[in-house]
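There are 2 protein chains.
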Amino acid sequence: MVNRKMYRPAVTALAGYVPGEQPPPGKYIKLNTNENPYPPPREVVDAIKQAAEGPLNRYPDPIANAFRIAAAEALGLPGPEWVLAGNGSDEILTLLVRGFVGEGEKLRIPFPSYVLYRTLADIQGAVWEQVSFNDQWELPAEFSDAAGNLKLALLPNPNSPSGTVVSRSQIVELSDRLECPLVVDEAYADFADENCVSLVLEHDNILVTRTLSKSYGLAGIRFGFLIAKPEVVAELSKIKDSYNCDAISIAAATAAMKCSGWLAENCRKIIATRTRMSVELEKLGFLVTPSHANFVWCRHQQIRHAEIYEFLKSQQVLVRLMDFGESGDGLRISVGTDQQVDAVLHLLKSYLS
Amino acid sequence: MVNRKMYRPAVTALAGYVPGEQPPPGKYIKLNTNENPYPPPREVVDAIKQAAEGPLNRYPDPIANAFRIAAAEALGLPGPEWVLAGNGSDEILTLLVRGFVGEGEKLRIPFPSYVLYRTLADIQGAVWEQVSFNDQWELPAEFSDAAGNLKLALLPNPNSPSGTVVSRSQIVELSDRLECPLVVDEAYADFADENCVSLVLEHDNILVTRTLSKSYGLAGIRFGFLIAKPEVVAELSKIKDSYNCDAISIAAATAAMKCSGWLAENCRKIIATRTRMSVELEKLGFLVTPSHANFVWCRHQQIRHAEIYEFLKSQQVLVRLMDFGESGDGLRISVGTDQQVDAVLHLLKSYLS
Numbered sequence: 001m002v003n004r005k006m007y008r009p010a011v012t013a014l015a016g017y018v019p020g021e022q023p024p025p026g027k028y029i030k031l032n033t034n035e036n037p038y039p040p041p042r043e044v045v046d047a048i049k050q051a052a053e054g055p056l057n058r059y060p061d062p063i064a065n066a067f068r069i070a071a072a073e074a075l076g077l078p079g080p081e082w083v084l085a086g087n088g089s090d091e092i093l094t095l096l097v098r099g100f101v102g103e104g105e106k107l108r109i110p111f112p113s114y115v116l117y118r119t120l121a122d123i124q125g126a127v128w129e130q131v132s133f134n135d136q137w138e139l140p141a142e143f144s145d146a147a148g149n150l151k152l153a154l155l156p157n158p159n160s161p162s163g164t165v166v167s168r169s170q171i172v173e174l175s176d177r178l179e180c181p182l183v184v185d186e187a188y189a190d191f192a193d194e195n196c197v198s199l200v201l202e203h204d205n206i207l208v209t210r211t212l213s214k215s216y217g218l219a220g221i222r223f224g225f226l227i228a229k230p231e232v233v234a235e236l237s238k239i240k241d242s243y244n245c246d247a248i249s250i251a252a253a254t255a256a257m258k259c260s261g262w263l264a265e266n267c268r269k270i271i272a273t274r275t276r277m278s279v280e281l282e283k284l285g286f287l288v289t290p291s292h293a294n295f296v297w298c299r300h301q302q303i304r305h306a307e308i309y310e311f312l313k314s315q316q317v318l319v320r321l322m323d324f325g326e327s328g329d330g331l332r333i334s335v336g337t338d339q340q341v342d343a344v345l346h347l348l349k350s351y352l353s
Numbered sequence: 001m002v003n004r005k006m007y008r009p010a011v012t013a014l015a016g017y018v019p020g021e022q023p024p025p026g027k028y029i030k031l032n033t034n035e036n037p038y039p040p041p042r043e044v045v046d047a048i049k050q051a052a053e054g055p056l057n058r059y060p061d062p063i064a065n066a067f068r069i070a071a072a073e074a075l076g077l078p079g080p081e082w083v084l085a086g087n088g089s090d091e092i093l094t095l096l097v098r099g100f101v102g103e104g105e106k107l108r109i110p111f112p113s114y115v116l117y118r119t120l121a122d123i124q125g126a127v128w129e130q131v132s133f134n135d136q137w138e139l140p141a142e143f144s145d146a147a148g149n150l151k152l153a154l155l156p157n158p159n160s161p162s163g164t165v166v167s168r169s170q171i172v173e174l175s176d177r178l179e180c181p182l183v184v185d186e187a188y189a190d191f192a193d194e195n196c197v198s199l200v201l202e203h204d205n206i207l208v209t210r211t212l213s214k215s216y217g218l219a220g221i222r223f224g225f226l227i228a229k230p231e232v233v234a235e236l237s238k239i240k241d242s243y244n245c246d247a248i249s250i251a252a253a254t255a256a257m258k259c260s261g262w263l264a265e266n267c268r269k270i271i272a273t274r275t276r277m278s279v280e281l282e283k284l285g286f287l288v289t290p291s292h293a294n295f296v297w298c299r300h301q302q303i304r305h306a307e308i309y310e311f312l313k314s315q316q317v318l319v320r321l322m323d324f325g326e327s328g329d330g331l332r333i334s335v336g337t338d339q340q341v342d343a344v345l346h347l348l349k350s351y352l353s
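Each protein sequence line maps, in turn, to chains A and B. The C-terminal residue of the first sequence carries number 353 in the numbering used here, and the numbering is unbroken. The C-terminal residue of the second sequence carries number 353 in the numbering used here, and the numbering is unbroken.
It is worth saying that the hints were derived from the structure and are not from the lab. Some hints here could point you the wrong way.
One copy or any two copies: either way a pair holds, since identical chains are not told apart in the list.
Stated by the list, open to error - Simulated pairs of lysine-lysine, BS3-like, Cα-Cα distance not exceeding 27 Å:
#	residue 1	residue 2
1	5	49
2	49	106
3	283	313
4	283	106
5	106	27
6	269	258
7	349	258
8	5	229
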């Protein structure tokens, strides 16, 4: 009999991470999980079809070297040994926690931020310690204070739900003071003006994670990666599943990394829509935090967010209602196509006026 | 500076699991990692191509329900809630260890057996305890003895490298005595006469893992699953990555589970080749352990195994040389196509005579 006492206590204590709702495709305008509203590059689809005819009965390359070479090239890294490929950046984050943080040890994260980090710490039986952003979404220097048993700091940049960024210069300062690795989770960095990739080359304890789920429009294939010193990549490779990425998604991700023109154009479109959407939301009485990501964090000054969320849902529009307790609640709305955004703005206008 | 003291001690202590060699495709006759020598069903390739045109910019179904329904149907389970889909059965094994075994706690495994189990325990900072098979590859009842802090028992059945099985009735006896879950790793069960799937329905602490890498010829797509009581599936789902399987491999695996005719015919062919290969190896002076899997474990009575391995490698044939210390070494040879097996037998004949 598998009774509850048989699991690790950390597991039974878990509520489990609840990702954004995933309704059947087509029914909703889906602006709740920061997916790219556009299909991925055609080259990626073609690469998948070609890989489908390949030797699927054989194990894939355990280290996804073709991808690592393409990623190093795309990001100007010295070589593929600076890249660790994973089954989504979720797997990379899991490996980082399992690699650095033991049971009872500490993980530092900002607040409000990506809720998954706390779940990853909880699964490990580790302790998470939150440092709150101030009202302007600035991160206090206390984020880099020494603390007993502090083993890892995770900083999403741009942050979710705010879409705000911590500057490169502040990240260098934080890393200089921290006595543990600082992971900069750059899931949304392609939508921002700057990123921390080059800092990895110069600062030993800065690690960067990336995903193909957002800017490359490939949430469906689960592919993310770590950018770190070769020694760190080698050490963390020891704890990944031997064949953590499949042959098809390696082919897809490799093709994607070569589509720099597509990437630039896609991000340009999304940023243009984001700007327009932010302006229009402000006209409707929202306080909109200036975003460097593919979503905006907005708070209405009169109407309850839960009410707006439910109204939109009743109209087949999904956005993310997020409640951060003392820090308040709000709506995180992903940037959709212009047509989707127009539809949402139209609905909000009719509801709020 | 990420120095070695920053990692969890369990991680720095790891040598890391070394999977079988994966040379570039085409150059070798590859009989070292128990892949299926035949391509997967055409329906699977078609399903991948169709999924490639699907909404790849969207996250996949987090619980792969289409696959779970197909798997439950194929295996005669009461419903999809008895199935947990994973990124290869490697991920399922990782989740089981992370779900049940804490740092310093115990995992029981047979010996000689699948070396990965020890690595998974080591990553977790857990302790593995081996119970040796006897000379006839029978498992002593001591495998189910109580022990302080014993949290999980892992039993590959058929076993690797031997290809031998522990009977269903003995597995029931073991599970009745064990005070922890007993995981029967059935990676190779489609090549055997019986399996333990139905035991999961009747025995609360028997869990079964399966993979599509072997009998379905799909090592390249990374798909495996757990068969367990719905409560166990729900509990372990809390610790998996939210979207652990990608949209393309979910489509591929779902299509595969519907190819029962293909599966039966493929296994029939491999078993026929296995029988012939075993007889011929015996004629060449090998002691061949009767196999219920898609490989054979053989030991030569005169010639050193390392020598045979090197000879075959020099002739572009890869087999697996495995050394289990006091239990001796031997060669594990995957069952290839008839043509591949003929080539290997021909080489061995010329070398050994």
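Going through the hints against the structure:
Taking CA atoms no more than 27 Å apart as the test, residue 5 paired with residue 49 passes in neither setting, with 47 Å inside one copy and 45 Å between copies. When the C-alpha separation of residue 49 and residue 106 is checked against a cutoff of 27 Å, the pair qualifies neither within a copy, at 44 Å, nor between copies, at 45 Å. Proximity of residue 283 to residue 313 under the C-alpha cut-off of 27 Å is restricted to the intra-copy arrangement: shortest distance 22 Å within a copy versus 72 Å between copies. Proximity of residue 283 to residue 106 under the C-alpha cut-off of 27 Å is found in neither arrangement, the shortest distances being 43 Å within a copy and 61 Å between copies.
Proximity of residue 106 and residue 27 under a CA criterion of 27 Å is satisfied in neither setting, with 42 Å inside one chain copy and 48 Å between copies. Only within a single protomer do residue 269 and residue 258 lie at most 27 Å apart by alpha-carbon distance; the minimum there is 19 Å, versus 42 Å between protomers. Taking the shortest Cα distances, residue 349 and residue 258 never come within 27 Å of each other, neither inside one copy (41 Å) nor across copies (49 Å). For a Cα distance limit of 27 Å, the shortest separation of residue 5 from residue 229 across copies, 16 Å, qualifies, whereas the shortest one inside one copy, 41 Å, does not.
Hints 1, 2, 4, 5, 7 from the earlier list are contradicted by this structure; the remaining hints agree with it.
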